[in-house]
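Participant: Could you build the full structure based on these sequences and the hints that come with them?
There are 2 protein chains.
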Amino acid sequence: FTTLPADFKDNLKKVYEAIEESDFLAIDGEFSGISDGPSVSALTNGFDTPEERYQKLKKHSMDFLLFQFGLCTFKYDHAEEKYIMKSFNFYIFPKPFNRSSPDVKFVCQSSSIDFLASQGFDFNKVFRNGIPYLNQEEERQLREQYDEKRSQANGAGSLSYLSPNPTKCPVTIPDDQKKFIEKVVEQIEDLLKNEENESLQLEPCTGFQRKLIYQTLSWKYPKGIHVETLESDKKERYIVISKVNEEERKRREQQKQAKEQEELNDAVGFSRVVHAIANSGKLVIGHNMLLDVMHTIHQFYCPLPDDLSEFKEVTSCVFPRLLDTKLMASTQPFKEIINNTSLAELEKRLKEVPFSPPKVESAEGFPSYDTAAEQLHEAGYDAYITGLCFISMADFLGSFLSPPQNHVSARSKLIEPFFNKLFLMRVMDIPYLNLEGPDLQPKRDHVLHVTFPKEWKTSDLYQLFSAFGNIQISWIDDTSAFVSLSQPEQVQIAVNTSRYAESYRIQTYAEYVEKKHEEKQAKRKYTEDSWKEMERKRLKTQCTPYVSQSRYYCVNSFTGNSTVEKRSMSPIQEETGSDNMEEGEGQNPEYDQTDSCAESLPDGKKRAKKFKRIKTEQVPAGKHSVCARDFLFCLELS
Amino acid sequence: FTTLPADFKDNLKKVYEAIEESDFLAIDGEFSGISDGPSVSALTNGFDTPEERYQKLKKHSMDFLLFQFGLCTFKYDHAEEKYIMKSFNFYIFPKPFNRSSPDVKFVCQSSSIDFLASQGFDFNKVFRNGIPYLNQEEERQLREQYDEKRSQANGAGSLSYLSPNPTKCPVTIPDDQKKFIEKVVEQIEDLLKNEENESLQLEPCTGFQRKLIYQTLSWKYPKGIHVETLESDKKERYIVISKVNEEERKRREQQKQAKEQEELNDAVGFSRVVHAIANSGKLVIGHNMLLDVMHTIHQFYCPLPDDLSEFKEVTSCVFPRLLDTKLMASTQPFKEIINNTSLAELEKRLKEVPFSPPKVESAEGFPSYDTAAEQLHEAGYDAYITGLCFISMADFLGSFLSPPQNHVSARSKLIEPFFNKLFLMRVMDIPYLNLEGPDLQPKRDHVLHVTFPKEWKTSDLYQLFSAFGNIQISWIDDTSAFVSLSQPEQVQIAVNTSRYAESYRIQTYAEYVEKKHEEKQAKRKYTEDSWKEMERKRLKTQCTPYVSQSRYYCVNSFTGNSTVEKRSMSPIQEETGSDNMEEGEGQNPEYDQTDSCAESLPDGKKRAKKFKRIKTEQVPAGKHSVCARDFLFCLELS
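Residue numbers (the numbering used here), protein chains in the order written: chain H, 1 to 638; chain D, 1 to 638.
Read the hints as simulated data drawn from the structure, not as lab findings.
Dumping the calculated DSS-like pairs for lysine-lysine here, alpha-carbon to alpha-carbon at most 30 Å:
hint: 1; chain 1: D; residue 1: 234; chain 2: H; residue 2: 457
hint: 2; chain 1: H; residue 1: 9; chain 2: H; residue 2: 256
hint: 3; chain 1: H; residue 1: 235; chain 2: D; residue 2: 457
hint: 4; chain 1: D; residue 1: 457; chain 2: H; residue 2: 149
Facilitator: Here you go:
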């Protein structure tokens with residue numbers, strides 16, 4: 001059995017305490033890779049639906065290892081009007097626990113590893129001193145193994161099974177082993193007769209022979225002896241038999257149980273921190289955190305479920321309240337005054353007017369980070385500045401109140417509209433994955449789906465659509481792409497003119513979705529026992545929360561497959577500089593959160609439009625007097 | 001473009017020199033994992049054929065990374081009667097070379113990583129300072145990229161394409177780009193008219209626009225200007241146009257070519273060392289080296305071929321002369337006097353009588369290893385002691401000569417029988433993979449193939465065969481195993497008695513092989529375009545040796561699919577303690593090399609048998625007087 005890195009075990013109480021006392025937590029993960037697919041850009045199409053994006057990330061990203069987990073806890077000190085911060089940096093590695101524990105394989109992506117190396121990442125800390133972990137199923141199995149051993153021992157009265165493979169005992173002793181077993185029994189008879197010797201060490205033998213010995217002794221000597229398997233320096237296993245009275249036996253049994261419990265805890269390892277976070281019900285902040293959330297659940301809870309809706313359910317158990325600072329910064333009222341939402345740039349921007357740098361200090365005995373030194377991409381540091389960003393933005397919301405407030409707490413109603421919405425990278429018209437209900441379904445009536453020979457390049461597509469003015473291309477694969485036109489009216493013209501083309505094919509987005517849906521249905525139909533499979537899947541992925549008394553345990557504000565209310569988003573690509581979408585080089589598309597949710601709400605729309613105009617005019621001047629409720633109301637309905 | 005770790009580049013000459021002057025080389029690799037299959041023992045069945053074993057290793061081991069390569073060169077100093085040794089330890093990592101280079105993904109196995117960590121392996125050296133590499137196909141592609149750029153530049157007279165994607169130019173300029181291009185042309189006209197300015201810097205633009213500029217200028221200004229793409233601090237790409245005369249243009253072109261060649265060399269990286277080893281034609285020693293050879297070829301030459309016979313062809317190009325010290329130590333005359341052939345134990349054993357510790361010194365300026373300190377599992381150290389083992393064993397062979405010789409060189413005929421035979425781990429009756437011809441085909445007429453319910457355990461099998469005395473079990477999977485009986489005559493009895501059994505099924509090994517073969521044939525038949533595929537495969541895997549003037553280039557002493565002469569091996573399991581086969585815990589089966597090859601050669605058999613008897617009697621006494629030719633002759637024919 002392996003022991004954990006001592007400092008983790010010692011510090012676990014500190015971690016629990018920090019979580020418990022905090023107002024909110026910030027987290028960040030570093031992975032051994034991002035995508036094992038052809039290329040990251042191919043896997044993030046601008047017109048992915050949330051379901052498609054989830055499936056892509058699940059398929060192409062979950063074989064990587066989350067090997068550094070940053071946790072930063074923030075507690076507000078009302079008297080001093082500042083936050084007290086405690087940051088933790090966990091290196092994580094699935095060190096095999098014992099001979100029967102899973103030997104995890106994980107993938108590394110050279111570019112990701114190289115990037116982390118260039119940031120000074122310490123791989124030796126991961127691979128030499130990483131903290132192990134078990135997901136819930138593995139923990140359950142290990143617990144069962146222990147329980148089974150114990151019940152066997154109890155049933156047998158005096159035997160403790162330390163054999164590495166506690167399987168069912170064979171019914172009979174094979175002929176060729178009978179002599180061997182008889183000899184062992186003789187030795188024990190001698191031991192019991194002889195008053196001088198207290199214990200007996202048998203010769204090393206095979207696992208099968210050890211099993212036979214345990215079985216025989218359990219039956220022959222239900223009381224009075226203790227049987228144990230030990231390992232020699234040469235890694236040979238041998239059995240030691242000792243005479244014990246009932247009291248001594250019980251004491252040993254208890255000792256062993258305590259030891260087993262400790263071993264179990266050691267094996268569960270880092271998952272205990274994640275359980276503590278989940279059970280605290282505290283607000284958990286992250287920056288562009290969809291992958292962090294998926295990896296955390298996948299590694300420390302359960303393999304990711306097959307459907308997005310099931311993923312949302314599991315997430316609501318593990319992280320009942322999430323807030324993504326990238327989504328927050330991309331949403332009104334921040335999007336107008338924040339150009340670059342990458343973590344490093346955001347942190348810098350939020351130190352300047354109209355924002356104020358937050359007052360945050362390290363707790364006594366905890367290391368402090370210097371944001372000027374920029375230890376970016378150490379998970380603990382990234383979690384720390386993610387927390388800073390959240391505080392600045394939350395406090396900024398206080399300026400809309402009358403009277404204005406300098407401090408907005410993590411419990412304030414003002415930030416609730418940003419809860420449980422995870423930023424969706426490079427999706428043109430769906431800003432976030434909505435964990436609390438069905439996702440937005442923009443109309444996409446200006447979008448075409450085009451298939452063409454694999455020799456085609458971007459320039460060929462530009463040429464094909466040269467009559468339609470400004471277009472945007474989102475590559476799907478070698479032979480297909482989405483092309484969005486500036487005006488929905490052009491869509492039918494494009495489809496009509498292509499009707500007799502031989503080398504390429506154009507259909508509307510709606511037609512494309514319908515055909516895809518039909519294909520899926522057909523596939524499902526032809527799977528003979530699809531129903532059974534579905535049932536099995538449903539049972540498999542029902543989430544088993546770690547502790548059910550959590551305040552936020554599985555509060556699902558939506559019903560899984562209810563008919564989704566159609567929403568449309570206004571085609572706003574023209575006004576916002578959406579050029580950068582095609583090249584997809586780092587910069588993030590601008591979202592018009594306000595407009596998108598407004599369209600389905602005539603009243604909201606007017607207010608939002610008005611609000612937007614005012615924002616645009618007023619932002620440069622600094623503080624705002626418009627009541628924050630205006631945009632919050634709108635957000636809440638989306 | 002990345003630069004290589006400086007010391008590799010600087011030391012490459014030293015490496016070349018060491019290889020060139022050496023008498024033989026020893027190599028060893030460390031990997032990020034061994035097997036991504038269910039378990040190592042399941043993947044190494046005792047009755048695997050060499051073809052099956054090759055397929056298993058190819059399927060389950062090649063996704064791991066060979067990330068440390070040890071090379072140790074040995075040169076004999078006749079005057080001083082000692083070897084001069086130079087050892088090198090290369091850390092290897094596929095750092096992406098540029099934006100278009102492959103982003104390699106590789107698998108890590110926790111148990112392997114944990115094992116290396118416990119040996120003090122430095123992962124930071126791999127991931128931060130690892131040397132990159134390209135296989136032959138990748139090198140060819142990169143070379144082609146450079147050539148294409150150069151030929152485009154030459155064809156255009158004065159243009160140098162530094163665009164990252166040198167694709168074919170679009171035929172026409174899209175309408176929406178016409179204005180942009182016209183403006184650029186105007187600017188160049190101004191530049192050419194104006195005598196004061198020597199160059200012109202264009203605004204940053206998209207890759208597509210840069211391509212259009214290159215195309216237009218190539219056509220409009222075949223001479224007199226030089227066009228180059230540069231990158232700003234902000235990672236924006238822009239074009240610089242400068243006026244040049246013909247001389248200046250040529251000088252620049254040459255400069256650029258030299259730089260390109262250096263970049264290419266840097267990218268080929270560690271593969272250059274492997275090429276040097278291959279081209280030297282030197283004897284290459286390894287210990288249990290099948291995986292090392294497979295990984296080296298897979299990583300630095302080409303993806304492993306589909307068939308074992310093709311693998312043998314490729315190997316004969318890359319490593320024309322191999323010697324596996326584990327196979328050597330498991331073969332006569334060594335097997336009788338060497339109990340444990342694991343590298344560490346072998347090295348210790350070979351320091352004692354009847355062997356003599358070899359005289360080996362580090363070359364000046366090279367680090368020396370202390371075998372007492374045991375830096376095991378550093379590749380350079382393992383390569384070093386592998387070399388020591390070879391020297392001790394080779395020198396021992398000299399004792400059989402009359403008059404006896406203390407030193408046996410790597411060129412001696414005495415060691416040729418051990419060439420190109422790679423040790424096969426845990427195969428009961430085939431000691432090695434024969435790289436120079438068809439593999440041994442032992443009869444296996446005492447072996448049964450049994451299928452049974454997945455609940456069955458070893459004890460159930462023991463019980464089933466309890467009437468047949470001593471048996472050996474080799475698990476294939478959950479529901480099947482090979483069972484070898486002590487006497488071939490029992491085989492038919494077992495098959496007959498099982499005829500009406502419902503829960504299990506027994507067939508002879510021959511029946512099993514035949515059925516498997518039939519299934520394979522059937523599969524092949526039903527593949528519609530199997531022939532085409534085969535042809536494609538054949539073309540794909542034809543080996544393209546790095547330098548064709550190599551002395552040992554593709555000398556194939558066998559014809560790929562010729563009918564294999566049937567050989568049988570005598571059932572010798574009884575006399576050698578073959579118990580350890582079933583548990584498969586570390587210890588290696590004993591092989592009777594002499595017998596196995598003797599059976600098909602009546603004369604050889606007699607001599608071998610006689611030889612064996614003499615050996616058994618004489619070994620404890622020390623030196624031997626029997627002419628070594630006896631067993632060597634026999635080995636040569638196998």
